[in-house]
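Undergrad: Using the sequences and the accompanying hints, generate a full structural model.
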Amino acid sequence: GAFVGMVGFVMSTPTMFLLGALCMFGIAAAGPEHCYHRGHVEIKHEAHSMKAGETCNRTLEIEPGSNCLQCTRAKIQAPYVVIPFFERDLCKLIYTLNSIAKYDRHHNFGNIILMWVSRSPMHQYAGRIAHAIHKVARTRHVTVEDYSQRLNSEQLSGWKAQEAMKLKIAKLIPTEFYIVLDTKNTFGRLITKRMFFTECNQGIRQGRTQIWGLPAWHVDAYKASASLLGIPVPSGGHWPTSISPVVMHTKTVLSLLRHLGEDSPKLCNGKLCWGILNKATEFCLYHLWAHHQDNFHCIHHVLEEPHLHEDWNRIILWRYDYMPDRVYTLEKAAKDEKMPITFGAEANALIHLPGWQKRQAAIHMQDLYRRAGLYHKAKTEENLRNFVKCAIVGSLYYENFTLDSYPAGSGPSEGQLGRAPLAQQPKALVALGVSAALFVAFAALAGRAAALGRKACSRSLVIERCDEEGHEEVLMSVS
Numbered sequence: 006g007a008f009v010g011m012v013g014f015v016m017s018t019p020t021m022f023l024l025g026a027l028c029m030f031g032i033a034a035a036g037p038e039h040c041y042h043r044g045h046v047e048i049k050h051e052a053h054s055m056k057a058g059e060t061c062n063r064t065l066e067i068e069p070g071s072n073c074l075q076c077t078r079a080k081i082q083a084p085y086v087v088i089p090f091f092e093r094d095l096c097k098l099i100y101t102l103n104s105i106a107k108y109d110r111h112h113n114f115g116n117i118i119l120m121w122v123s124r125s126p127m128h129q130y131a132g133r134i135a136h137a138i139h140k141v142a143r144t145r146h147v148t149v150e151d152y153s154q155r156l157n158s159e160q161l162s163g164w165k166a167q168e169a170m171k172l173k174i175a176k177l178i179p180t181e182f183y184i185v186l187d188t189k190n191t192f193g194r195l196i197t198k199r200m201f202f203t204e205c206n207q208g209i210r211q212g213r214t215q216i217w218g219l220p221a222w223h224v225d226a227y228k229a230s231a232s233l234l235g236i237p238v239p240s241g242g243h244w245p246t247s248i249s250p251v252v253m254h255t256k257t258v259l260s261l262l263r264h265l266g267e268d269s270p271k272l273c274n275g276k277l278c279w280g281i282l283n284k285a286t287e288f289c290l291y292h293l294w295a296h297h298q299d300n301f302h303c304i305h306h307v308l309e310e311p312h313l314h315e316d317w318n319r320i321i322l323w324r325y326d327y328m329p330d331r332v333y334t335l336e337k338a339a340k341d342e343k344m345p346i347t348f349g350a351e352a353n354a355l356i357h358l359p360g361w362q363k364r365q366a367a368i369h370m371q372d373l374y375r376r377a378g379l380y381h382k383a384k385t386e387e388n389l390r391n392f393v394k395c396a397i398v399g400s401l402y403y404e405n406f407t408l409d410s411y412p413a414g415s416g417p418s419e420g421q422l423g424r425a426p427l428a429q430q431p432k433a434l435v436a437l438g439v440s441a442a443l444f445v446a447f448a449a450l451a452g453r454a455a456a457l458g459r460k461a462c463s464r465s466l467v468i469e470r471c472d473e474e475g476h477e478e479v480l481m482s483v484s
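Sequential numbering from 6 applies to the sequence shown in the numbering used here.
A hint or two may mislead.
Claimed, not checked - Each computed DSS-like pair below joins lysine-lysine, with the alpha-carbon atoms no more than 25 angstroms apart: (1) 276 with 256; (2) 384 with 337; (3) 80 with 256; (4) 176 with 256; (5) 384 with 394.
Because the hints were derived from the structure by calculation, they are not lab data.
TA: Here it is in structure tokens:
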């Protein structure tokens with residue numbers, strides 16, 4: 006631009022000079038668009054890592070007029086994003102990464118570090134991993150770190166190793182904060198700064214209730230984590246459950262690791278792995294340790310009762326979270342005008358649902374993916390099964406997988422509803438008599454309801470197959 010401008014000035018060509026000036030000012034004033042790479046992105050394969058894309062430097066600043074503590078940072082770098090994964094996560098990882106590429110238009114997230122936490126060498130899946138990252142690598146730098154050798158030298162399971170690595174990765178993070186995601190945290194709408202940070206650059210921590218009011222599993226995790234840290238379990242305050250996404254302050258994580266004797270690149274060196282094997286979790290350890298620091302209010306803000314804030318709406322289908330209204334909750338989320346921040350399903354999350362609810366939950370979850378613009382394809386039964394295998398079961402390559410043993414359109418039965426057969430119930434004879442008396446009156450209504458149920462159950466949506474060989478396929482399209 007400068008060269009063209011000078012040539013224009015020398016040649017006294019007003020048009021040429023004007024073009025040169027526009028080029029110079031255009032480069033200087035470029036916004037987030039300059040972080041997008043439109044062409045082919047080279048993926049570099051190294052000994053124990055893969056790298057692609059370029060860093061997009063972006064800072065988050067305190068909003069004008071904000072009444073902030075003096076100790077808060079006026080500017081912070083856009084936080085790194087950390088996602089652990091292994092073989093079973095490869096298919097749903099594609100959709101989570103594509104959702105970041107689609108919805109982080111203003112680069113409120115920085116670079117991405119993916120952690121391959123598996124006993125299988127990463128190079129065996131290099132083609133599929135490259136296929137998963139090629140879209141998001143057009144928007145930022147992506148690094149994939151292979152931790153298979155470290156895992157094979159330790160006694161931790163893959164999931165426990167992921168917990169440890171979410172903390173130990175802090176040694177590679179150059180930004181003040183980083184955000185931990187799981188592959189099931191797919192974004193459904195535009196990512197803004199205020200989703201994860203206050204106007205004063207404090208990382209937002211959800212505060213659901215007192216620790217003793219959380220589900221029993223999370224209470225045990227907090228108790229074990231506090232014991233490992235040598236600090237008491239707080240009796241008051243608002244505390245989150247031990248699930249992602251979580252905003253972590255890098256220096257606070259590093260001080261936590263030093264406290265636990267984790268000063269080595271090994272996966273297990275101090276007390277961390279022992280604690281995780283005894284019910285402590287990475288997030289409970291961090292929340293307790295951060296809260297114990299003098300600068301807690303400088304780096305974090307507790308958002309009390311986040312379920313009352315629409316900007317913190319998240320939908321996750323859990324494997325052991327059977328609730329009678331679970332399908333209704335998914336249906337409501339799929340039809341709400343405003344999409345949740347993140348949504349997804351734990352692996353095999355449908356396993357404890359009755360057969361007819363499996364199908365309905367799968368359809369509603371698909372609706373969320375479709376409304377997010379992350380897939381668009383024909384509505385067939387085969388594609389419905391493929392969707393469940395990819396986004397819920399966790400692998401597209403189960404050859405003999407079927408959604409359930411009930412044909413599309415079958416309504417709920419006594420066994421499907423999870424209740425004991427009528428003859429086994431204490432008041433079986435009375436219930437049988439009442440049922441017989443009411444049967445005729447409700448027969449027509451029941452038939453109509455069954456017809457409606459068949460109509461609803463016949464709906465099926467679909468996503469793209471993940472290509473095992475890494476061939477170029479359309480894996481994300483906007484409807």
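Undergrad: Hint numbers the structure violates, sorted upward?
TA: none
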